[in-house]
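Trainee: Residue numbers (the working numbering), protein chains in the order written: chain R, 1 to 715; chain Z, 1 to 715.
Among the hints, a few may not be true.
Listed below are the simulated PhoX-like cross-link pairs for lysine-lysine, each with C-alpha atoms no more than 25 Å apart in a straight line [as the list claims (entries may be wrong)]: (1) Z:426 <-> R:426; (2) Z:532 <-> R:621; (3) Z:420 <-> Z:269; (4) Z:210 <-> Z:660.
Bear in mind the hints are in silico, worked out from the structure with no lab data behind them. The structure presented is a predicted model; accordingly, all values stated were derived computationally and were not measured.
Protein chains: 2
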Amino acid sequence: MAQLAFTLICSVAGLWFAIYLAKWVLQNDEGTKEMQSISNAIREGAEAFLARQYKTIAMLTIPVAVVIYLLYTLRQSSGQENITTSQLALYVSGSFIFGAICSAIAGYIGMWVAIRANIRTAAASRTSLNLGLQIALRGGAVSGLFVVVMSLLGVGGLFTLLRLFGISAQQIPFLIVGYGFGASFVALFAQLGGGIYTKAADVGADLVGKVEAGIPEDDPRNPAVIADLVGDNVGDCAGRGADLFESTAAENIGAMILGVALYPYFGLKGVLFPLVVRAFGVLASMAGIWVVHTEEDGDPMQALNRGYYLTTLLAFIGFGIGCLWLLRSDQAPYAWLHFWACGLIGLLTAVAFVFITQYYTEYKYRPVRSIAEASQTGPATNIIAGMAVGMESTALPVIVIGIAIIASYALGESSGVIVKKTIEGKEFVLRGGLFGTAVATMGMLGTAAYILAMDTFGPIADNAGGIIEMSQQPEEIRHKTDRLDAVGNTTKALTKGYAIGSAALAAFLLFAAYLDEVRAYGTYLVAVDISKPQVFVGGLLGAMLVFLFAAMAIRAVGTAAGYVIDEVRRQFREHPGILQGTEQPSYRQCVDIVTAGALKQMVLPGLLIISMPIVVGLVFKQLGIGAETVAAFLMVGTIAGILMATVLNNSGGAWDNSKKYIETGALGGKGSETHKAAVVGDTVGDPFKDTAGPSLHVVIKLLSTITLVLAPLFL
Amino acid sequence: MAQLAFTLICSVAGLWFAIYLAKWVLQNDEGTKEMQSISNAIREGAEAFLARQYKTIAMLTIPVAVVIYLLYTLRQSSGQENITTSQLALYVSGSFIFGAICSAIAGYIGMWVAIRANIRTAAASRTSLNLGLQIALRGGAVSGLFVVVMSLLGVGGLFTLLRLFGISAQQIPFLIVGYGFGASFVALFAQLGGGIYTKAADVGADLVGKVEAGIPEDDPRNPAVIADLVGDNVGDCAGRGADLFESTAAENIGAMILGVALYPYFGLKGVLFPLVVRAFGVLASMAGIWVVHTEEDGDPMQALNRGYYLTTLLAFIGFGIGCLWLLRSDQAPYAWLHFWACGLIGLLTAVAFVFITQYYTEYKYRPVRSIAEASQTGPATNIIAGMAVGMESTALPVIVIGIAIIASYALGESSGVIVKKTIEGKEFVLRGGLFGTAVATMGMLGTAAYILAMDTFGPIADNAGGIIEMSQQPEEIRHKTDRLDAVGNTTKALTKGYAIGSAALAAFLLFAAYLDEVRAYGTYLVAVDISKPQVFVGGLLGAMLVFLFAAMAIRAVGTAAGYVIDEVRRQFREHPGILQGTEQPSYRQCVDIVTAGALKQMVLPGLLIISMPIVVGLVFKQLGIGAETVAAFLMVGTIAGILMATVLNNSGGAWDNSKKYIETGALGGKGSETHKAAVVGDTVGDPFKDTAGPSLHVVIKLLSTITLVLAPLFL
């Protein structure tokens, strides 16, 4: 078990590095009293939200765990050798709860550091851009490393534990599928609740503050301004942390299931391969984070890019070592080279997604400029142009993903790995193709820790800017935090592109795992034939679920924003001193209202996503075609989810930046009619890009993990 | 061949009735000189556009026909007994050209009557609401009957012709698949070009006229006002006529292919069944159209609904007679009852779609009101609410379609029909299930002629209102045409729902026909397995195509509207007398500019749709999996198309009516800030509901017909 030991050592190294970075961040200056009081208000609000959110999620998690346990115990046989149904039920539901807890911890820690790094980034920016950049990135890195290490330790730990119980390595992945579902489950509510919170506060603050009362953004007179800053943390930090935790956890387990299928070739090594290459990825990300620094007049984005390219290069080398170590087999001497090439495909796919997202969301390029130009004829043409850009932006990502899937599959098929099995008396031949696509996914997720560090950089820089603004620091310092904030907006958009790309690749691997699991339970399911009417209808329902969920998530923001608008208007009306600057608004009341509102609004769309696969599976089971219909539901739902999330993220990002482009003085600049039209697009894009879009990333993977867990019930 | 004779007799009866109605319409009064001069301007503009559009389409059709011919001759064998490759090539490309010509004629005739009925409806409304209603409906009915009869005569005629050449009845459907593609091909460009025209003129006229110059809608001082009225005819009449012509033609041929598969049971009768029940549908629609009349103070919508219900009832009875006559077999004595029930499912699906569309787009109900309420906080919340309504509105139609497909399939499977075949040495069992779904589609399309009459009613009433407005008739008469216009808006929305529902049902039948065709050419394709990576990527590409096409169609409207805006601004600037009412604007120049612009903008999205299936088929053929990947491309593309078209149609309709709701005086009424916000949504919805959405109906079916034609090339 040298592989498990290696994974453990790398995990501990990653953890140690994360703690070191956290200490380094915390030792920095906390700025003036004024700044601290703002930062404390943000911290309190964020912690209060997370505490209440986790309580709500826990109340949803426990019944689900019980239902999973009961459904499994109802089965006549466990379908697994030497394991009773009640044991299986215990393993699956237990790993579900464990996954949920780990996911919650990953989200919490990410936010814990972020809400402490924001004030220090703000304070540092008063003297040094480099120090500001480093605090924000290293604060984000704590979150990134924790997320990846937690998923490694969680899956590796469960594996070790079950081995100690004497369960065979080939069975373990099927027993711990609940871990991935637990992670998805919490991620869904974390991202959805956080996403609703952040945009309800943002839209509410803007509509009453900027539009009605005519005060600037982040103005301390606006009662919703703290809620808005809290939103960045609970939506972007906690939400995205849980999202990527779930990606890596689900991908780990899915890839291990595929590794089991190739057991005759690589044995235990193939099963543990996903953990080992992820461990290499942690080392690569540590190096990448360490080297980031900038000159006072340098471009912070370039500094982050340097770190990213170093991480990619090191991950590539680590990948090669992993392949050579674990995927060499005398029966297939060149297989390891083939799989290394698959890993490279994954790394390049990540880079391609980063570039494509930049093209569609930065104002250097045609798409965002076309929206800005359309704003000259008013809000309607601004919206039309933005929708067109969003829908157009699906083309290149789909082509890239298509090439990545087919190329890695072809490399795997030609790797020389061939396994023959007998299921329900029929022969079944498996080549290395699906494992190839899995390896490409691992390659793409190899840089996950660094990407997540860049992502969390965004809300930290954003908050730092807000603190500088609210504490009314001089123009020159604002300019520095504005530069960091602009870079943060770009990294946030990139991460969304990366998250959707990795979800798309991971999804294909998870489908394969689902089919493998169904076959492992002894059902001969080798095709998902959408020319069968029931299966086609399953696909149609899957795609519809994505549209319906997006509608509910978007509407939830509107409803929750309504609560904020009413409260801000009330405060302005009852306390006229607030707008004159003679009276302090009650930030706390706004925070409470948006907290309650977001938690209330997240439940319905969340339950829709959880219940619909179950309903579809059980209904079509009655029609005698449960497993295959659910597979189509999952696959076509995933296709629709990838496209819809891309539209929502990119149109939202493009609207945001077309407004920013006009604010640089182009086409009439701030205050012009063109700018007003662009503000409409920006507001429309808010729930698209920060609520519905990111929640759909989670939905894509949740559909896979829930079907993995419930597969045995649909047979 | 009593069936062919019956079909012919009904067709001639339908044709005679259409000519009778046209004469009846034309004998009515043409109103004042002023009204006539407006009407003449509309007619000239519409005819000029159609002439130029058909020239452009012809220039695209001929090369495509040549390419089809060449591609077919390149094949080593025709795959059909007693037919050489060059004969097959001739039949397919010849029927393609024939289909294209028929489609063009269907579109032209629909418009020919409409642009003559508009002035007569306007004139009649001055004295009698009932007469106005009857002229508008009967004018529309000419188009509806012509479209359905032409598709019957086209397919029936081709069938008879090829029988006379001595070709076996089982082979004929495969030789005339080109007819469906030709129809789709023209329909795509007709709907796309017309859709771009109508909305470019509308948006252009509104943005400069209403918003910049502050003059009312349909004001004679606006140089784009005639172009706007022309647009209603070329977009809604010619476009939708070609759309439904293609639906019925493609469905006829697809159902005949499925009938061939059941040859051992029903023989020639099964192949001709689709034509016979369609002929019954023509008779039913004739009766429905005949009975429509209203009292002066009655609700015109109720009058139209009475006609619709009568048509549905008669179609149901005709369906039963057809089943009893043609689908009775001693081997399966109750099969005809099962298929009759399938037909009923189709008829009920049509009714369900009509109700669902009404719920989401009429301001009596929650969805439209929620958009109106959201407009109170500005255009951004109006847009967000509208998008949410549009996406939510996919749920019920999908559930209805799902139930219809599964129920009709189950009825067919249990009908007792079982056919066994041997393909590539493997046994293949076929039951009546797929034929059941086909019969449900026939049921849904049974009322097509009536529905199309109601649809064309819309633009005729709209134009009549415009003529009354421009010729400055008294308030009281305006009120009458406004009532007809409001009913027309409802019927237009309903037809879109119906078109999308029938496209969804027909699509499933066309998939089945595609697989049947591939098998008839001797390739053992019995499953479309999207768990294969290449096939999954094919599905992903199909869904992406829908998003990309929608983006291009929406953007095309923006670009073409830009030309109109520039021209109207130029006229106002260079001739200040226009706005003062002392100088006549040049309507003609606007019409010319929008004609050229729309035709230019329709080419690129059109070519994308035509070329992508070919590229996907040929690329994946190189990977050894062409036919199956194309099938997934088609099926997932269809799913995405159904959902996207529903979102675009319903959000657009809901925005439109939320504005109208406010104009009734609700929430501040016309002129309020709320109303201004609602106008933004209405403008955004224009290219959604009148360009991209309806074009997607055609795209869904075109993907099927193009793959049917090209299937032999992908093997």
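Trainee: Please verify whether residue 532 of chain Z and residue 621 of chain R have alpha carbons no more than 25 Å apart.
Mentor: This hinted pair holds, its Cα atoms lying about 23 Å apart.
Trainee: For the pair we were handed, residue 426 of chain Z and residue 426 of chain R, check the Cα-Cα distance against 25 Å.
Mentor: With Cα atoms ~16 Å apart, residue 426 of chain Z and residue 426 of chain R stay inside 25 Å; holds.
Trainee: Just to be careful, I want the Cα atoms of residue 420 of chain Z and residue 269 of chain Z compared with a cutoff of 25 Å; is the pair within it?
Mentor: holds (19 Å)
Trainee: Would you mind confirming whether the straight-line C-alpha gap from residue 210 of chain Z to residue 660 of chain Z stays at or under 25 Å?
Mentor: holds (16 Å)
Checked against the numbered hints given earlier, this structure breaks none of them.
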